[in-house]
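Undergrad: Put together the whole structure using the sequences plus the hints.
Protein chains in written order, with my numbering: chain L, 1 to 103; chain R, 1001 to 1157.
Simulated from the structure, these hints should not be mistaken for lab results.
Treat the hints with care, since some could be wrong.
What the hints assert, rightly or not - Straight-line Cα separation of at most 25 angstroms, PhoX-like style, residue types lysine-lysine; simulated pairs:
no., chain 1, residue 1, chain 2, residue 2
1, L, K76, R, K1090
2, R, K1140, L, K48
3, R, K1100, L, K67
4, L, K67, R, K1146
5, L, K67, R, K1140
6, L, K32, R, K1039
7, R, K1090, L, K19
8, L, K48, R, K1039
9, L, K32, L, K67
10, L, K76, L, K19
11, L, K48, R, K1090
12, R, K1100, L, K37
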Amino acid sequence: MADPMKIRANLVGDSTEVKVLMNHEMETGQRKDSQGKTIPAWFIQNVKVTHADKVVLAAQWGPAVAKNPFLSFKFKGGAKGDKIFITWTDNHNDTRTDEAVVA
Amino acid sequence: MDTNRREALKSAGAWTLLTLLPAAGWLKPGAAAAQAWNKGAFETHAMDETLKALGGSAPTQSKDIAFFSTPDIAENGAVVPIGITSNVPKTESIAILVEKNPNMLAAIFDIPAGTEPSLSTRIKMGQTSNVYALVKADGKYYVASKEIKVTLGGCGG
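TA: Printed below as a string of structure tokens:
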């Protein structure tokens, strides 16, 4: 199981600003190890952020997203104490969901 | 070297099987796979191929798409911050494309109503290249580009 994400959700005006740092290798499948063998691709393919059972951001990623991906965006609504959930799924079908409370 | 070839063949075989199974309806996509991943689009090497895979038409150059907190020169191609804001009305999605990466498409973000069409993330760049922000708004595609110089590539091995 992968390490937890670091999530920050702050109310800015009438929007909630979400900042996430995920823990993932994001191996491209282009690199070779010291023996010249290709290191297989291993990367997050889907990311979903939900607030109050509503998807506020959905993303599809390729291996060109940097290692330990960072993502920041804002959505309207949200109040202090609300929970947001972030889920990622990688190409090994490994998945992780973390939650944060809007501050 | 022969083992390499073997493995390449084996993995190629496995991939075909994996892609065929869901097509044949044998593999029910689980909850984890509920979200689609546009494999075709992520394997394209040119803008028109990517657009075709996304089901779109030729994009219009737009001044309503802006890059923010994006460097002109990236010292490390492995971590290039990219920020994109779309002021095109009814923005539905924002995609990031890197012209000279092995596969052009880096990421697509679907922007539901209520979410600001502005986001930032970090990508990898193999070399100096144009980076495109492709915006889908009201069914049409719009694009803006920015050249980012990379002094140290992010795909070295």
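Undergrad: Are the hints correct? Go through all of them and say.
TA: Cross-check of the supplied hints:
1. K76(L) x K1090(R): Status holds; Cα separation ~15 angstroms.
2. K1140(R) x K48(L): Since the Cα atoms of K1140(R) and K48(L) sit roughly 24 angstroms apart, the hinted pair holds (cutoff 25 angstroms).
3. K1100(R) x K67(L): holds (19 angstroms)
4. K67(L) x K1146(R): Between K67(L) and K1146(R) the Cα gap is close to 22 angstroms, so the pair holds against 25 angstroms.
5. K67(L) x K1140(R): At roughly 32 angstroms apart (the allowed maximum being 25 angstroms), K1140(R) and K67(L) break the hint.
6. K32(L) x K1039(R): Holds - the C-alpha atoms of K1039(R) and K32(L) are around 23 angstroms apart, at most 25 angstroms.
7. K1090(R) x K19(L): holds (23 angstroms)
8. K48(L) x K1039(R): holds (18 angstroms)
9. K32(L) x K67(L): The given pair, whose Cα atoms are some 16 angstroms apart, holds under the 25 angstroms limit.
10. K76(L) x K19(L): holds (15 angstroms)
11. K48(L) x K1090(R): Given pair K48(L), K1090(R) holds - Cα atoms ~20 angstroms apart, limit 25 angstroms.
12. K1100(R) x K37(L): holds (23 angstroms)
Comparing the model with each numbered hint stated earlier shows that hint 5 is the single one that does not hold.
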